[in-house]
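K.L.:
Work the whole structure out from these sequences, hints included.
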Amino acid sequence: MLVFIVRRLIVSVFVFFSATALVYVMAANLGDPLADLRELPANRRENAIAERTERMHLDKPVIVRYFLWLAGAFRWDLGTDRDGIQINATLEDALGATLQLVLGATILAIVLGVALGVISALRQYSSLDLTVTFSAFVFFSLPLFWVGSLLKEFAAIEFNNWLADPTIAWWVIALIALLIGGFFASLLVTDRRTRLIAFGGTTAATAVALAVMSATGWFANPGLGIGVIALTALAAALGFSVLFSALEWNPVMKSAVITAVIGILSSVAFRGVLENPYPIVVIGLLVLALAIAAGVGWFVGGELFRRPAITASLCTAVATAMVIFMDRLLWSFAAYSDSVNGRPIATIGPSTPNYDGTYWEHNLDSLTHLALPTMALVLVSLASYSRYSRATMLEVMNQDYVRTARAKGLPERAVILRHAFRNGLIPITTLVAYDIATVFGGAVVTETVFGWRAMGSLLLGGIQERDPNPIMAFFLISGGAVVVFNMIADIAYAYLDPRIRLS
Amino acid sequence: MTRFGTKSKLVAAALGGALALSACSGGGSSSDDDETQDPTTASGPSGTIYVANDQEYDSYNDTTASTNSYKNSMVNKWVTTGFWYFGADGSIVRNEEFGTFEKVSDDPLTVEYTIAEEATWSDGDPIACDDALLWWAQNSGNMAVEREVDVLDPETGEPTGEKEVQETPVFSVVGTDGVEDVTTPVCEDPAAKTFTLVYDKPFADWESNGPSNGYPMMPAHIVAEQGGFADSAEMSQAILDGDAEGLKAAGDFFNEGWLFQGAMPDAALMPSSGPFTITNFAPGESISIGVNEEYWGTPPGAAEIVFRVVPGTEQPQALENGDVNVIQPQPDADIKDQLANMEGVTLVEFDQFVYEHLDLNFDSGSLADDPRLREAFALCVPRQQIVERLIQPIAAEAQPQDVRTISPFQAEYAESVEYAFPAEYAEPDIEAARALLEEADAVGTVIRGGAIADNKRREDTWQLIKESCDQAGFDVQPYFEANFFDPDGGLSQNTYDVALFAWLGSPQVSGWASTFTTPTECSAEGKGNNNGCYSNPEVDDLIAEINETVDPAAQLPLINEVEKILWEDVATIPLFAHPGLLAFSDSVKGVEANATQDNFAASMHKWTVEE
Amino acid sequence: MAQTAQSAGTHTVTPGDPRPPADSDAAQGLDIKARTQSQLILRRFLRHKGAVAGMLLLGFVVVLSISSIGLGPIPGWWDKNYVNSADLVNRGRPTLSVVPEFLGGGGMHLGEHPFGQDNIGRDYFALTMRGTQISLLIAFITGVVATVTGTLIGAAAGFFRGRLESVLMRITDVMITIPTILFAAMVAVMWGNKGVAVLGLVLGLVTWTQVARLVRGEVLSIREKEFIEAARSVGTSAARIIVKHILPNVIGIIIVSVTLAISAAVLLESALSFLGMGVQPPDTSLGRIINEYRTAMVTRPWLFYWPGIFIIAIALSVNFIGDGLRDAFDPRQNRVRD
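Protein chains in written order, with full-length UniProt numbering: chain A, 1 to 503; chain B, 1 to 611; chain C, 1 to 338.
Treat each hint with caution, since some may be false.
[To be verified] Below, simulated SDA-like cross-link-like pairs (lysine to any residue); rule was C-alpha separation at most 20 Å, straight line: (1) 49/C - 134/A; (2) 194/C - 233/B; (3) 456/B - 195/C; (4) 408/A - 419/A.
Everything labelled a hint here was simulated from the structure, so no lab data went into it. Since the model is a prediction, treat every value here as computed from it, not as a measurement.
P.N.:
Okay, structure coming up:
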């Protein structure tokens, strides 16, 4: 294994060097970097051209320029752009912004996409499958900037207008309730009657909830309250214990429920601490919660159930923590909304300039700025994950070993989780790893639409100004990510699929 | 004067490109003094105003060749101030809080500048002669060091292998016109509050030649300290001694030390000489300026102005959503309609100091040899229709521009049109054009109509010209090149018959002189701004005469004469003044449109915001 | 999760499957006919409703775009072209009406300018059709070039050992390392003004890596399967193994790739146009048209929506066709067996 990794590493380094040379030569041949200066009147032209020629080493052949760049790059000095701004500094900021922009969106897209793909594979040709397939294709077919413009118009401007008086018309409530009801009903494959009951129940519950929220102006001043926190935490405890064990009152469920109760109680106990905490306090509390959960799992689980009990408790703790966090965020929403003149959803940039507020308000500020670009990115990249994982799952589900697993009487949950899903993950992992490169690509357009200055502006600026250094900085990071993730993919492939020989 | 007066091929500016700040001034117009009546509230500055800037700010010093652009000067306009700035119609507005200047002699032309007695940098250092000496050293370009550079092939841009010695200015400068003729040091005593520019020869644009808001004097004491001098007096002495080598370190700091390299340089290095000072910088997001507590003059209306980086096309939605309060978007009919329909937003339509025109190729074009063909072409270009279809949706009142060097909103325009514009070109006359073509036996003459690629309005303009002129018997063939303005592109290589692009309008002679003066050589390098290599000795003489005329009022009749000849020769065909759009939240008061590249920033110190 | 998963399992073995192969002749024991592989594929394809609908939609778009304004010198049935200006009728609003009069609409007619007019009065229907033609052309060229190149290189790199493998692998690796948007933007800047066919070609030559990586991954895995080992052990030639044993097994993924490549090409081209690097005038494309009229979204929405609808129509139908083809080629994934 080690030999394989080292060999792979050496090859990757050489590949990467060839790629930098190729990109540099292309970037240096895009056109005339002095074009805009030649437009200047004669008296200004000479100085400006001389200055830039010296800065960009235009008096030297391309190959020499490449090696100059490479020598600098080895010392992690990426040079300056054509106006003398150091690329290193620009890159640091740009990289931070890009990660902020794409990280959440990518994870969300992968989780949602794979989940939707797996579900629609398990329900092949059901109305759910058809809906997911159809919408995935529609979203996949949307030009990103087109979606971006629409989102800004409707999810920001119109939404903010609506927040001033957040009531929902009865027919909208009905429509949303029907959609949600339909979605949950189609998840179940049982007889018609149970389905109708599920559909009716969900629809009615959603409609009532929305009507109450609308009447009380909940959307302008939201929050969850202890009741919702408690319900969610217990539901999570139940769900995780079923997932990792079974639907019975065994130590696994016991420990999960105990964890949930501790979580609910501490949400009340720590109320004061959470008023305006330092980020480190929040992280500390999470670590504490995880430690307690692990402890509970250890003691309650006993010899026999220790592993599933700890896992279920940990998952429950995370879910409870997330709900409490969400609750605190929502409580601060009204104050935040006030501080930005009642227009919380922003159309541009990563944050409100010079914003001054509590920990929660700062988080809300980031979230409201991330909302639109994340939505756009998730919408358009969801499809490739869901389509691919659907295809993979369908293929795996028809394999002989899955049939064998079923035939020997394993519960369907075990068949899907242990046999089908795990094998289906192999190609999905590869896709995800390779996709990191496209993530950078997709973000170029997103950045432009939503007014972020990130990696994409390095690339676009470089190409428009015929300036190789910013382009190389973009490539160094995005290409480097591709190389690293390809390696990870290959290693993961080999690890997950032992049939692939490493020699 | 150089950096503002020169007309560069406007394209870049019109496209929002990286063209250096090149506005222009209303020479001729008097300097009115609205600076003294400032509507400052008794309660002092308050509130934050967000402004959209489509490019990111990157230097406190916007006077060097590579930083002199709109993105910087807009922010710096009221941070580092000077003796004057461009008013809304391009006239010169004197900033008397900073100081005063007057012409004290005509021969030799001598202008005396007096810095306000209480004027100090915000770090307490007085603004004085040491700063003026630094400004002079930079703008006269006389501090230069030699270095060896490779000779580039003018065609390919590749090195030829030969070396030549080139002089590089110690202090990077945008241009040296005007100040290079000031060979006597402007002052001697570094602490003096007055300095004098003595011109070796008459200079028509002297009034707009001193340090200004947006092209100011930089703090000499900071440069001296960073350049290894004990104090600024020592550096002043080095400048007076012409010690270029000794000033090299100072020059390096001057050129690069104020760049925002992903973070704000030390605030102590960036003192303010105006009502605002730089307070905060978030890379890729925003730059903020706040009140300069040490400012001796009238405090600003707003407590803070934040310039957010927002791409041009995204600005209307950002304004509607309240993410920014002030935008000046690309003029576009749909953007205008969108802004006009927004609640709580004020929209201002105005004329920009930029005009679209057709440039005829007199060197190798199909219309070069026979004046009848040029007249026929001028007769068939549907100027009125172009304005109706393309410009009036943006500016309802727009009309074709009938002369080149004076813009429709200027006082002198009507008189100039009356004198110079031939009435028969007001509406297309297809019959007359056809008759001229038949007379010249030139029906079917091909006109290769060039323009930059990716500009919808220019594509549409050519389409309208084609439809009209093809009826008259021409064969118009529009083509669009991404590199149209590059040295290997159509405009430089004269592969066009008629080119369509924009010029910055400028009544300053030094601004447009080279556009109509016979070029030394009709090549990409030699022809300067006179792309079509138009040549008429009469025009050359007139322009030379204007150049030496120091009295603005005396320039006008000469300019009108030039315009008349240009129409007789159909040297170029002006089409329309570019319309501009300015929009801001109703809560912000005091925002004024400005025809020059200074844009709304000129009024920034007077803005207020309701909270 | 567990609940739903369990029921999914029962679904496959339930005798009363909601979609029994009722139309299968063999199932009814009547009139048994031998069918060739291609007949089977065609039958399976035609049974995929989405694919058939996609086929019809794509066919409609292609026929409409070509027949309406013609192609090259051949004139079409639409009497206006996409170049000439005209006076604006009713601010250039679309005259298309599909709601019959008895339903309170304006009747069913195309009118003078069914899709409206742009700001100098050009017929927007003709312009959209022209954009559709060009976008289809670019997408098709890019998709085919990318798939052919990618499949050949991917299959060879996945299968062969030794020198050829390393050379191909390294070339692919270098190409894969360079992000598509970077590569595409650079070649578009360098060659985008040489015409749409060239643009399509160069875009294809930089986007094949996505196909190659999928094909290679699949081939890598198939190469280790028993039947390949068996074929190798009886001395079957490499070419024959690739063509007869490996390609049929990766055809599904190639088909999916080609459809994804074509629809991705439509979107790549529009993204490049958005960034100002796509098709250059006098040519136009759907992406270019949307960009030119992007600011019109609120004020003259028809200029924004029509080209968008056609982009979506093309990408959507191509994807559905791909889905149907994959199901047809690769019956392993179908629960409903023939």
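K.L.:
Determine for every hint whether it applies to the structure shown.
P.N.:
Hint-by-hint comparison with the structure:
Taking the CA atoms of residue 49/C and residue 134/A, the gap is about 12 Å. The hint holds against a cut of 20 Å. Between residue 194/C and residue 233/B, the direct Cα distance comes to roughly 61 Å. Violation of the 20 Å bound is thereby established for this hinted pair. For the given pair, residue 456/B sits about 19 Å from residue 195/C by alpha-carbon distance, which is consistent with the 20 Å threshold. Using a Cα cut-off of 20 Å, the hinted pair residue 408/A and residue 419/A holds, with the two alpha carbons roughly 13 Å apart.
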